[in-house]
Amino acid sequence: MNLLISIIAILSLTLLAVGIALNQSLVYLLIVIIPYAIFVIFLAGFIYRVVKWWVTPVPFRIPTTCGQQKSLPWIKNNPVENPAGIAGVIMRMAQEIFLFRSLFRNTEVEIIDGRPVYGSAKWLWFFGLLFHWSLLIIVLRHLRFFVEPIAPWISTLSALDGFFEIGIPALYLSDAAILAGLTFLFLRRLVLTRVRYISLFTDYFSLLLIVAVVSTGLLMRHFFPTDLNQVKNVALGWITLAPVVPQGVSVVFYMHLCFVCALLAWFPASKLMHAGGIFMSPTRNLANSSRMKRHINLWNAPVKVHTYEEYEDEFRDKMKAAGLPVDKE
Amino acid sequence: MSFAKIPKSDQLISINYAPPKSAWMKTPVDFRSGTWSYSGVAKNLTYLDLPNPRAWQPADVDWKLPENWQAIILAGMKERLEKYRSFRLFMDVCVRCGACADKCHFYIGSGDPKNMPVLRAELLRSVYRRYFTMTGRLFGKLAGARDLTVDVLKEWFYYFHQCTECRRCSAFCPFGIDQAEITIIGRELLNLVGCNINWVIEPAANCFRTGNHLGIQPGGVKDMLEFLADDIEDRTGVRVEVPINKKGADILFVTPSGDYFADPGTYTCMGYLMLFHEIGLNYTFSTYASEGGNFGLFTSHEMVKRLNAKIYAEAKRLGVKWILGGECGHMWRVIHQYMDTMNGPAEFLSEPVSPITGTRFENAKSTKMVHIAEFTADLIQNGKIKLDPRRNDHLKITYHDSCNPARAMGLLEEPRYIIQNACNHFYEMAEDTIREKTLCCGAGAGLGNDENMETRMRGGMPRAMAVKQVKEKHDVNRLACICAIDRATLTSLMDYWVPGVKVMGVHELLANALIMKGEKERTTDLRGESLII
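Same order as they appear, the protein sequences are chains G and W. Each residue of the first sequence is one higher than the one before, starting from 1 at the first, in our numbering. Each residue of the second sequence is one higher than the one before, starting from 1 at the first, in our numbering.
Simulated from the structure, these hints should not be mistaken for lab results. For every residue, glycine included, the Cβ atom is placed at its ideal position computed from N, Cα and C. Among the hints, a few may not be true.
Stretches of chain G that chain W covers, calculated by requiring three or more beta carbons in the stretch to come under 8 angstroms of a beta carbon on chain W [stated by the list, open to error]:
1. 110-117
2. 284-293
Derived lysine to aspartate or glutamate pairs resembling EDC-like cross-links, with alpha carbons at most 16 angstroms apart [what the hints assert, rightly or not]:
3. K246(W) / E108(G)
4. K52(G) / E82(W)
5. K437(W) / E312(G)
6. K396(W) / E233(W)
7. K468(W) / D432(W)
8. K293(G) / E362(W)
9. K520(W) / D230(W)
10. K293(G) / E351(W)
11. K304(G) / E302(W)
12. K318(G) / E362(W)
13. K293(G) / E347(W)
Just chain G, same shape as in the assembly:
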């Protein structure tokens, strides 16, 4: 059901995109007004969400430790999985962000011969990583539309990405990789019953929206070539605050642009914000140093306690009878 609604939502967006592309005044809107509006929504939304997390206090130091603590000098500690200081935390976070360390731990349980067996299950890690890295490379490659002359590192990146020169224009490895990643993530959600059971509309919709962006991009590059100079003019027009409506670009370009706008507008309101959230997680970004250095809770307030005096008042006679020392006779 959630899947069906997501598909309908994506199809409606597609129709909308086609409709916009075929109407000259709507195209004007799409090129001149909407990108700025979307950019503001995305940036403001992203910042708003991150700031909201940022200003919420971290009352306790609660890292999840995944290795030996630093205690006695002769016991070898694990400085990354159980960091004792800031350097270790940076290493740990870098591993999480660039390599998806925790996901690499993934196992899959199965009952075999009346006993749970924990099989290795690195597929989610592999395709998840593949997807995110290729997305990053693709976004970076797109910078060539926004800078003139094209910075050398962008050209190098594109050249490397198209290294195998399969087809004309060359197929980018990152394009193939992102398709593989998306396909896996989507099929996994459909096929694994327990993942399907927990999937919400937003889970399918986020995936399908990215699929739509990627597939229109690929269509444009390989099947419906668009005048890249025109596209570059549009992009440069945006950043010089003098947007120009291109001439003779294909409908697919407008569809691609529509989906990108939808994705960026959807981003701050959705689970895609995990991109910002991962930096903030108190179980990962804190050092396990709570006994070494006192962690301060800003809202720490007095609570009602049961004092020793109250305790002794209640039990004094019994304490004396048992021969235990008391403070007040």
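Position chain W against the provided structure of chain G, taking the given hints into account.
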């Protein structure tokens, strides 16, 4: 301990992982007997000034909630969203990748999809979305949001009491989302309208009043420790002293009351007494701070602080230099991650230094409380105690990492070092079931009661099966651990799944091997079982 009312183990192991046909929001909770715990008794709530004390049970239709219960819960959520970044973030960033799903021992043991940490969290997240996010307000169900109804509250109660706050899911989550945080706050919210379980609230009330969960009064503490000293004399011929409430001691020793109250914890406690005697430690027990454990952690952050406060207060009153803590799991989560922040700074104490070896415990220099495994490992490494591991030759040991020392502290090698020096037959369980991937006993976080037995046996199954594997392979007959709840609950778990394996603390193992000055020839271990030397 009776297993009469629950299915036999060979039936319980056939677990159906296929989710039900109906969507989870449309599948109501079923309070099936054997899978939930009795409600908190009114007098305990009253003693702790907790709201809505009354007579009720979870299986009742009417929970006798206050009239404005929804407003109370939503206000409570708002307050906590503003106070805990963990809570707000964990409500927001989950992508439902499902990596956590089969990491939870309750899911592995029950197949109930709401025991997947992701879905257990969604129970709360769906309400968060409905009342605290724009998309949830606008799009409702489509955005994964739902209204807060009595059925939702019942679901929270049921499933937040099928989570032991063990943090295993958190180790596997790519964002470190910790179900323990969500359960802790979920239980806090339930407590705001008087919904809690007696196995948590009674120990908390006892602890507040008498200093320990079991409600043992000062004379009782003394009697029990003296009784253990008698047993030690019987086994070893050495009379150990039992210092209690002694002003001017160097060290305050705090351990869970389970250690001096019930088998097999008592043998661990005998171990402490023998060790401290042997090294001539100037220490004291306290009757006021006679509990290391903290069932506040299973109630609310505020209750953690209220119960924990007496440890520093007593250390100050007695004028000790620093504090030593016994073997316990969630106790160490509180000591390590909360105590200093909540009730510190302990400026009246000095940085812990072992009076025997001179070792400075740098890792505890602010909190000023040292784990006994750290303390003892240091003694062994410096050659300050003599051990004869052959005295444990009748035992084949495996070791269970308790959840909290493993995943909220990283105390992994210290206990292993002690075990390796104290016995000759030590076998690790499978890699995926130990250290940071350790599996819970299934009965922590206040769930270790008899009425909840089926849930316990299901939740403990993965741990038990890992033990069974080493039993079959290496003839393991003893499961060592460093947690008082483990000692109590793993015992039933072994009886049910792996009969023949008994449970012991690491310091019991140590004390079996400990060569004491002036001891008689030892023919039995601390339990009176014959040695085979």
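Structure-based check of all given hints:
| no. | hint | verdict |
| --- | --- | --- |
| 1 | 110-117 | holds (count 4) |
| 2 | 284-293 | holds (count 6) |
| 3 | K246(W) / E108(G) | violated, 53 angstroms |
| 4 | K52(G) / E82(W) | holds, 9 angstroms |
| 5 | K437(W) / E312(G) | violated, 44 angstroms |
| 6 | K396(W) / E233(W) | violated, 26 angstroms |
| 7 | K468(W) / D432(W) | holds, 15 angstroms |
| 8 | K293(G) / E362(W) | holds, 10 angstroms |
| 9 | K520(W) / D230(W) | holds, 15 angstroms |
| 10 | K293(G) / E351(W) | holds, 12 angstroms |
| 11 | K304(G) / E302(W) | holds, 9 angstroms |
| 12 | K318(G) / E362(W) | violated, 40 angstroms |
| 13 | K293(G) / E347(W) | holds, 12 angstroms |
In this structure, the earlier hints numbered 3, 5, 6 and 12 are contradicted, and the remaining ones agree with it.
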